[in-house]
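Top line first, the protein sequences correspond to chains A and B.
Just so we're aligned: the first sequence equals residues 1 to 273 in my numbering.
Just so we're aligned: the second sequence equals residues 1 to 294 in my numbering.
Calculated from the structure, these hints are not laboratory results.
None of these values were measured; they are calculated from a predicted model.
Hints are all accurate, no fakes.
Just some of the chain B residues that point at chain A, by a computed CB distance under 8 Å:
#, residue
1, L23
2, F129
3, S143
Sample of chain B residues at the chain A side, in silico, Cβ under 8 Å:
#, residue
4, F18
5, L33
6, L38
7, P96
8, L115
9, N138
10, A144
11, I276
We put the beta carbon where it would ideally sit given N, CA and C, even for glycine.
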Amino acid sequence: MRVDRAGTKRDGRWLGLYVLAYLVFLYLPVLLIPLFSFNDSIQAAFPLQGFTLQWYETLYGNPALSGALVNSLVIATVAASGATLCGITVSYMDLYGRSPLAATISAIARLPILIPGVIVGISLLILINLIGLGPSRIAIVLGHILVALPTTVVVMRSRFAAIPRTVREAALDLGASDWTTFRRVMLPLSLPAVLSAFMLAFLISFDEFIVVFFLAGTEPTLPLYIWSQLRFPRSLPTVMALGTVILATSFIIAGTAEILRHRGLGAKRRNPA
Amino acid sequence: MSALVAAQAPKARSSSGFRLAMLLPGALVTFLLILFALGLVLFLAFRGNDGSLLGVGLTVDNFVTVATDPLYWTVTLRSLVIAGLVTLATVATAYPVAYYLAFHAGRRRGLLLFLVTLPFWTSYLLRVFAWKIVLAYNGVLNSALIESGIWSEPTLAFLNTPAAVVVTLAHAYAPFAILPIYVALDTIPKSLLEAASDLGARPFTAFRRVVLPNSMPGVLAAALVVFVPTVGDYVTPAMVGGPASTMIGTLIQSQFGKANDWPFGAALSVCVMLVILVVVLVARNADRRFGSRT
Chain A
1 MRVDRAGTKR DGRWLGLYVL AYLVFLYLPV LLIPLFSFND SIQAAFPLQG FTLQWYETLY
61 GNPALSGALV NSLVIATVAA SGATLCGITV SYMDLYGRSP LAATISAIAR LPILIPGVIV
121 GISLLILINL IGLGPSRIAI VLGHILVALP TTVVVMRSRF AAIPRTVREA ALDLGASDWT
181 TFRRVMLPLS LPAVLSAFML AFLISFDEFI VVFFLAGTEP TLPLYIWSQL RFPRSLPTVM
241 ALGTVILATS FIIAGTAEIL RHRGLGAKRR NPA
Chain B
1 MSALVAAQAP KARSSSGFRL AMLLPGALVT FLLILFALGL VLFLAFRGND GSLLGVGLTV
61 DNFVTVATDP LYWTVTLRSL VIAGLVTLAT VATAYPVAYY LAFHAGRRRG LLLFLVTLPF
121 WTSYLLRVFA WKIVLAYNGV LNSALIESGI WSEPTLAFLN TPAAVVVTLA HAYAPFAILP
181 IYVALDTIPK SLLEAASDLG ARPFTAFRRV VLPNSMPGVL AAALVVFVPT VGDYVTPAMV
241 GGPASTMIGT LIQSQFGKAN DWPFGAALSV CVMLVILVVV LVARNADRRF GSRT
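Isolated chain B, as found in the complex (with noise of 0.2 Å):
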């Protein structure tokens, strides 16, 4: 079958006018907006600040600066620790979630899906907001908890907390995470479960040793989809984290903003690409390693 449609495959007129405009569009915004936009911060990663759009020289000075200046380690180790506890704990919890879509939920499957994936499309502020309400001194959380006397002062320990920052952004990228874990789930052949079950394994049995290994590439593209935007979010540190959560993401802002050194800005967006880039690299070897069949 396949041979005959490539034998008459030839035959279709392929108009070069039609492929132009067909390409042209995405040409353009792949290779303008995203590969020469992204070009330009490297290369500008490499200038010195004199104020001027590209700045001036070439030199690796921003990068010995982000290098041997202790306040940068910080920062990025901060920014790493926050965004793989916020992975850690989104697909954590959202593993079981997909689990049930995939295998216990029926009919109800498709209105599940779409109730957990409905507040991705939702306004991101907004939900930082929704936490900012919740956490704060005179808010939600302080003011249930006197209500039903469990505390009788409110505290400020909610508000303004690293931990603060964890919890609202693992509430913003929840979504992020159920969507690909339960693909990866739902196209695991239920002729191996019952093989599993037949051969005489426990269920957890099964679980650890069938459908988790099969799962891996959806656990991996969750905690990818997950850690990205996280590790350079710049909203959630500044609503609801206070000075003691700036994140990389925050300094890259403010680099571009009050501070204005944007040869510096983009030096310290080259090493929060590298950083995706090894995380990328490393959860990709993880997957070959679990066999992908995505």
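Extracted from the complex, chain A is given alone in its bound form (with noise of 0.2 Å):
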């Protein structure tokens, strides 16, 4: 027995090891574009040139990249809202509404996952043409929210199944009405959880691109901003220092959501889906 446990704990540390360099190449060639957003240089290559703010200097005062920058905050903004909305009313008929349809829904909402972006991307496209509304910023808030909508259903879902069945029934015996007893008790219950999913779905938002390509009209999101100024070898600096406050953000972000994901109720319980 006592060999076996030094075995495991040998094993362990070996595995260890393996996590570590796992984590690097998860992480290197992603670090590298900050490493480079400060370098002097227009090649992105070894040696280094020397230190320079001159990469940031030039995101100011470009109206381009500033019209991009705003118009993929709006359409983040909303798409989340719409996503968060649906994730949390499909979760929850899911799992109290008792009825065939609310499963259906819910197992239809999670379906995006097993679609390749490319055909989310032409269905829509086929669609918003069909009903009249053709590529514009609306085309791709109904985009972004079906992208997000299996992790806001995921996530809600999750957070509404923790909750002890015997709360939602003790405020329905009390005589609270079903619309009461959602709005006063079981999303209060899971306001984190809301957060969380909405930041979820903002960061999905902000950074999506596949689906997108198609969607757009003549205002460009800023992962197509950045796509477009791909093709140009001199503005790859430029790119780079963008990635930097891109990077950094979406960090935050999600760290925030994270944390939120794993507050108040779910905290007790190890819950990682």
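Both chains are given apart, each in its own frame, so use the hints to dock them into the complex.
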């Protein structure tokens, strides 16, 4: 038995080293972007040519860039609101609605995971042209609600499921209507998860490229702006400076969402999904 | 207890207004944006291209072209091979990480779990772009190799190859694979492992006969969530793949862009969805064989 345990410990150490190497592989290429954004050279190559902030200065006073940024922020806010609203209602009705329709909706809402982005993009492109909307910001919002929906449904569903059933039954027994129970009891109890779902949906929309490529009209989002700049070697350092800002923002928002997701009720249960 | 609850349940007034309001947003999105939109793709796939939005006539010409033109066979096969390799690489490299998280991480588990999922929430475009600057002719890898004296001249061999696509996609989708495997490993009752070791199983036997089969549902789920987005990817081939790495997603995208043959693009999409359906069914079948608990 003792031999066994020592063996497990040794395995753990080797595995630990492997995990470390894996994390390096995961982060190293991404961290090259911030590294070279401070490098005083057009080329992203070693040796480094000295420290500079000039690429960050080029971000200021660029109307195309700030237009794309505002566009992305507006679209991400609206799409995240829509996706969170759908995530809340779909998962709540799935768990408590007791109807096959609600269960079906919940199952379909998680379906986009099994559809490649390019097909989500073209199917919506056909739809928006059919209903006369055309490529536009509203079209992008619809696309991003769809892309973020599986995430918001999964986050909200695991939170609602973690609330003891007796809480809801007590509210109903004490005479609260369905609506009051939902608004005054269930929603406040899952507020951290609502915020977390919103932030994750916001990030998904803000960074999304594959679907937006088909749905954007004349006003590009930030990833589309970056894509358009990648063709010009001279603008690569600027893209890296912009990328650094986006990466830092994403890290902060994802970190906050993670903390929120495990606060309150969820903290007692280990619930990774 | 549950009988008691069930007996009380009918007392709760279920107002139909509440139900309608709660079902409406989800119903609109799922039925209109998902099912109806996918139905449109299916419909369009059987139409001829006359430049109008929904095409003309009813025809299977698009599918005949896909089936008879060797170009589409080559590209489909290439997409399957690339996506298959990426899936294999991500799942195989993610498994030990998930295993460590489930059985050895201890107090560091929360932090590690956060660290491996964090890249998932960062820009896909930027992650692919990072590989472009790594692999480019005057890029990071070449300059580092020359700087350290291993190579004397930069090589073109890295960028614009199918291998570059595989590496980049495997990196971009790596975070997708860890979580499902970890969840499957974490839900294996510890008593099962103790029973195996009490009954005299060596650690490796216990792993092969107990842990691995029990984690198969997670492995299959991980394989699916990596395979689906990679098989239809068109950004990575365009960024780091060069002309020899055109994938099926690239062809679909060009039908709705430069080539401007929407019905044919829709037919290609239907074929991709069929391929995915087959993969899902195979995975589900395998899942059932392993006696899925999820």
